[in-house]
Amino acid sequence: MIKFYSFISITALLFLGCGEGLNPDTVVDPGFGGTITFVSHPPPQDSIKDIRVVAVPYFPVDTTFSDILFKVTQGIISYSPSQIAIADSGKTMQYQLFVKPQTYFYIAIVQQFGADIYTQWRVVSIYGYSPHHPSPKSVKIENNTFINDVNFIVDFNHLPPQPFKVP
Amino acid sequence: MKSIGLIFLFYSLHAAQVDVRGIVINAETEEPIAGASVLLTHTTIGTSTNSEGKFELKNIPNDRKTLTISALGYSSVEVKFAEEPNQELRIRLIPSPIQTQTIVVTANKRGQSLEDVPISMTVIGTQSLSQRNITAVDDALRYVSGVHFQQTQINIRASSGYSRGAGSRVALLFDGIPMLAGDTGEITFESIPVFQIEKIEIVKGAGSTLYGSGALGGVVNVITKDIDEHPKYFWKIFTGVYSPPSYKKWNWSDKNRFTNGQYVGYSNKIDHVGFVVSLHRIFDEGYREQDWWRRYSGFMKIKYDFSPFQSLTATTNVFHQYHGDFLWWKDLQNALRPADNQRNISVTSWRANSSLMYKQFMNEQFYFDVKATHVRGDWERDSLSIKPLDASRSDNGFIEAQGNLAVGDKNNFTFGIVLNGEQVHSNIFGIHSGIGWASYLQHEYSFEKDLTLTYGLRYDVHRVIGLDSYQQLNPKFGARYHVKQGTTLRASIGSGFRAPSVAEYYSSTSNTGSSILVIPNTALKPERGWSYEIGISHAFSEHLLIDAAVFRNDYSNFIEVSAGLDSSVSKTSAVAKFQNITQALIQGFETSVRMNFFNQRLSGEMHYNYNSAIDKNTKVFLRFRPKHIAGISSSFMYQQFNIGADFRYISRIEQIDDVLVRLAPINNGSERVPVYLLDSFISMTSFDQSFPIRIGVHINNLLNYNYAELIGNMSPPRQVMVSVEGLLQ
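Protein chains in written order, with our numbering: chain V, 1 to 167; chain U, 1001 to 1729.
For the record, the hints were derived by calculation from the structure and aren't laboratory data. Be aware that one or more of the hints could be misleading.
[As the list claims (entries may be wrong)] Using 16 Å as the maximum straight-line C-alpha spacing, the simulated EDC-like pairs for lysine to aspartate or glutamate come out as follows:
1) V:71 x U:1056
2) U:1248 x V:25
3) U:1269 x U:1056
4) V:71 x U:1566
5) U:1249 x V:25
[Stated by the list, open to error] Going by beta-carbon spacing under 8 Å, a handful of chain U positions derived as facing chain V:
6) 1636
7) 1706
8) 1708
Fair warning: this is a prediction, and the values are worked out from it, not measured in the lab. Just so you know, even glycine gets a beta-carbon here, dropped at the ideal spot from N, CA and C.
Construct the entire structure; sequences and hints are all you get.
Here you go:
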């Protein structure tokens, strides 16, 4: 009988040790989000292959876009998982990007305007950039923290400085 | 005159046939044992006991007077009977808490006691399948020590990771015949007719010396039931409902989500012809959006006994499935909804396997069998606007001739030759065919009763047309030593290999549900591995047995999907292909404790498996494998009632494919937790002779624990099921 009670006790201990598992509310993935406001009419649809948010943990970004892509695959640069929908002039969209906790010195919206994913990209908005404030704003993301209000304004008629080298 | 005498002798032998009836009972409780195997020794004649423990064998030649009777949980016995006509035997089986006397066939391709097998094996019996209301074989295997699943992909002792179904490092056999898909090389567990299963044998470790490609990490052999001598209708119905999602955020449907199934079959034996035919249908509305499925299958087995020593068995199984395609969740906040770009995708599949087996006992020392099978797989993946997105049709042919020769009491030789071929037509794998052959020889030598040595060799040649052929030589060595009554040592060394599947060589698709382009790689080489194991089993008493094993597996040329960027291949998307990436060292130990009290009324099992699965190149843990697997099962029988529970613990998966999570992308794909899973059941069995029936209530995931067995895939919540099954005879 001792063996039987031992068996029951071990079983009970194991049950007590388990939690409730995955939970959408307790998991706060580190990241940031906000709004994207379009202030000009978008370019023709066939020139918009893709639009993403990228978060780069260093600045200046003085490289080719293919290098950016390789750094995305290595997890160094974060990249919004799905394409951001384009809105008409005056409309505002919501977005979210989950990233590794660290400081991001350059956060931008990039547009793929041709089929070549290695070269045909351009920057259409940089967080914190304006003609009066030509440096991007950095954002520090800590563990279990999600920061809102990382907002962008996209003006296809007045693009910010392009950081990408032509390969 | 001499010839007339011989003819007279021949006819007199066959004319003097007798019938044997009997009942098999538990020696301690005197209760009947249902499902016990009754075999006329050294013949093809056999049957199993009905729900009342009764059996009947007809037309037994008078020169055979020995029956071998075995049942899971009991010591098997050989019974000699007299030449009296129409005699009735009363056979008493002694409960064995350790199942050591169970007859298994998978380990050495011949029937032998589990106690004499030099490798780690587990056997699942039909009662276990029924108690747990198992509707797909993978659900039964989840309770086995050292076995872990990534959704439907099996992983024995950390041999496999996850490759979305392309290639399996575990060989699946159906009555000893390989049953892997010709195109992807994957196992479709759901196509196996669970209600026809007599038992499932699981071999842990490399088994390529007897079973060839695929048996790198282990072998699963599904063995179907014998045909009963008497007409018998059998049926089962069940229905169940999933609990609503644990969190409001996960709600996606206002309705309860149900599953239901029906199964009906008939078997009979008329003169020399026995047959069984059954139909199954299972519908599941799905606990996740777009995760519904409908399955239909038909199974038929016909056995013709030319004589007690010759038989021909034909088996056909046809399976059809239509289901929604749920690759991964939208994100953890929408864990029961598919990713936006995967909506409205469905898969239609057909699978048919037909086989013929001729078996002949030449004498008490030698028998042979010839097996031939054809497996057809056909599937199509459709979206609302594009039909098909992907489609594939494959045919696999397989012929094997096997002989078994016993020389004296000490030597046993098993040998055979295998031919196989496959053909694939697919819009993602192309049109390809392959051919191969193999031969094998194994010798078992028993020095005395205490020590048995087994060694063997298999040579495989295979070629996919258009590619280089490959040859593989796989040796093995095993030893079993009975130290004393109840204590046995075992040791084995064996090699295994897995040839790349056509899917791994030739996959070419952009319809991956992600932004990744999959490209072919015809330079792939077969994976290879060596398995080493030392184990001991010791019965402390008739109530308690402990088994422990230490194992080590060295693998090379592991094939895994590698995703990344390659501008020389595609300037428009990331690319992925199957590659021989790494060498791996997987080692660990496994232990189990089995208990039995009160004449087997209370039984239990605890098991634990530790795996260290290291990539030898990068020194990091291999992807999609847990470090710890543990389980506790117990059941208690009182009169007609049986109540039980199974608890499983799987530690948090150590490593996942981060690149896949980033590039696919799978939102919150890295969210994973340890698994704590409790299943329970209660059943009531009526032994009414005219209408035996069993009613069961089964609760899976009783704790309603939320976990992801595979990245981005929430596993089922609590599910309550009611089943009723019965016999008409």
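(request) Check each numbered hint from earlier against the structure, then list the numbers of those it violates in ascending order. (result) 1, 6
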